[in-house]
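Asks: What follows is the residue order along each chain.
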Amino acid sequence: MSCNHHTSQLSVRERLAFSSPESLERAYLQLRQRFDGCEFVILSTCNRVELYAGWDDSVQTELATRPSLRPLAQFLAEFHAVPLDEFVGELEERTDEGVVLHLFEVVSSLHSMVLGEPQIVTQVKEAYRAAELQQSCGPLTHGLFQAAIRASSRVRTETRLAEGRVSIASVAVGEFGMSIFDSFEDKQVLVIGAGEMAEETLRYLQDAGAKKLVVVNRNFERAERLASDWNGQAFDWSTLETHLGQADVVVSTTGSSEPIVTRERFQKATKLRPAGRTMFILDLAAPRDFEAAVGQERDVFLYDIDSLRQTCERNRKARHREIETAREIVRDEANRFLVDLKRRGLGGVVTRLREDWHTVSQQEMNRLFAKLSHLEERDRLLIEQTIERIVNKLLHPPLEVLKDEVASGTHNGLLDALKRLFRIAD
Amino acid sequence: MLNVSVFCFLASYAVALVLELVRQRMDSPASRVGMLAFAAAGLVAHTMYLLLRASQTHLPPLLSSAHDWLLVLAWLIVVIYFGLSIRQRGLAMGIVVLPAVLAIVASSYFVTMAPSQLMIDFRGVAMLHASSLVFGIGAIVFGLAFSLLFLWQHWRLKRGALSSPGNGLPSLEALARMNRWSMLVAVPLISIGMLTGIGLALGSAEQPRSMTWSDPVVLGGLVSWGLMCFLLIRLMSQHRSMGRDVAWLTIASCSFLLVTIVGLQMITAAMGSKTVHGLAKPIASQPARETGGAQ
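So the protein lines, in turn, are chains C and A.
In terms of the numbering used here, the first sequence opens at residue 1 and continues consecutively.
In terms of the numbering used here, the second sequence opens at residue 427 and continues consecutively.
Hints in this document: simulated from the structure, not taken from any laboratory.
Among the clues, some could well be false.
[As the list claims (entries may be wrong)] Pairs of lysine-lysine, DSSO-like flavour, derived with a Cα cap of 27 Å: (1) C:342 to A:584; (2) C:342 to C:393; (3) A:584 to C:212; (4) C:403 to C:342; (5) C:419 to C:403; (6) C:125 to C:212; (7) A:584 to C:211; (8) C:125 to C:342; (9) C:271 to C:211; (10) C:271 to A:584; (11) A:584 to C:268; (12) C:268 to C:212; (13) C:342 to C:419; (14) C:393 to C:403; (15) C:419 to C:393.
With the hints as extra help, turn the sequences into a complete structure.
Replies: Right under this line is the structure:
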């Protein structure tokens, strides 16, 4: 059962989310009590809340009665104290092969809001580990999640789905910034303005090693707040030119309606700057904070939001071109998992059938040998071997047909017929 | 029986360059493997050629002739390029290094193959002279390559373009650092090479092939050496980032040095003039550049 960013609003998803380890622990406990004998994995991220449930045919559970969505939705409603009617229409249910394909696509980041983003693999692995810790996994979910993680690793290595950054801040720092500088560790970062984009860019800059941060803003209090959040220093707006002259990286995000740095102002601010010292300017404001002519200055690399957006779009398109290849890998892996699963299910039936037939033949032989007590040991052995061969030969054709059907995925009718014909209980 | 000619590895390197250019348009595993395979095949043929030349002249290739010395220089550059290409999948180094290799190998056709008596008489000092120059000029070629890549990357970034998988370039800062290190290695080695060369020629003053200051090879070498020293001082005095001006200066100095060292030897060889590296023979009078007969 899934409630995700394709089917529901954030306001619904956040009410149904399992946001803390404690709530997850309680949820697993209640699920086990409520649906005894079933296996569960809960995947709860900011974009999805999904419940994966599995059970053996021998387990008597209300989930077995289709649709199983209702009891699970009821559980969610009671657990989160949210009226069922408020969200039941935004849930979707998948069963059998549908579940396998869905999970494999989710973990391969084909369902992610940002196609190819890598965090989902970690989130799925963590969800699986948490379920394992809560002893909520069984043979079915173990096999399913391990196969899903394998599929995602194939997608990552065999396609370019995760290549190229797609958010403006990550493209700015990870692609343009890293093409200019080797490291940001010794670079002076100047942030002009204290907007949301500045924060996001600072996150990437600090991940890339930036340590020296200066914030200049018209509103000094906001500058101080941002600087303290990111271990930087805040300065008065009047010091802008001084800090501009010393900066290696500039991130500008003010709400000014006019450019705040004209070419003349820039030249004045950088008059004492050593020749050959590179400056990387990210003008993330709209309208722009830096006059476009500043980019014509020597050793200055100026990027505005439009040029960064173009790169994001190009990377996004490149990722989209990989979708079909990724889906083929997912289908291939899902098919392999399902065949393995069915073979495992078939294994029990085959063993039972062989055991039954050999038991019958042994009973009949014992009866025969009791009547023919004059037979020598050598003759008994020959008779035993002959009957064994007959049983094996009679069993061989139907079992081969069944194995072929399993491989092609259309075995259910035959398997049921076999169980009924030979009275094989699960 | 082995039959290796200069043309064998020249052609291999040329194909490797074509495949490197193809990778700029459409990167694929096949073009990369092909490029590496042709570079490796050229390197094997190149090594065999040098070994066979050494067995024929009974001298290490560094000392035997200007022809062999140039081929050792090209070999050294290809070895480093090959190592870098294997380590860094997307590095577009071949675009600038392979043309330099092709030019050096092709120029070896036009310089003397005759051993210099001076090199034989003063083998120890001659070895120091030849090896420091070969390593120094190898570093110069890489400095030139890094400067060209710097300008390419600078040009792309100014236009808001990024590297694609087939033509990945290091950051501007990394290229500037590599250029600086190339010059730091090259200038002292070339200085040793120049000084030992002068000492070597002066030490053999009685011989007919003694050095004269008007010798174009000596004169050109000294001028380019002076230029390289100026470049090193400029690099050391600059901020650690490298601007476009420094890249252009490096390209000009390195190109001048290469043209002087290789070009002047070719010109004097064509003219049949006597130089510090021996009497050059015009190409027509030299034996075919093919080494055969090793069994």
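Asks: Please write out, lowest number first, the hints stated earlier that are contradicted by the structure.
Replies: 1, 6
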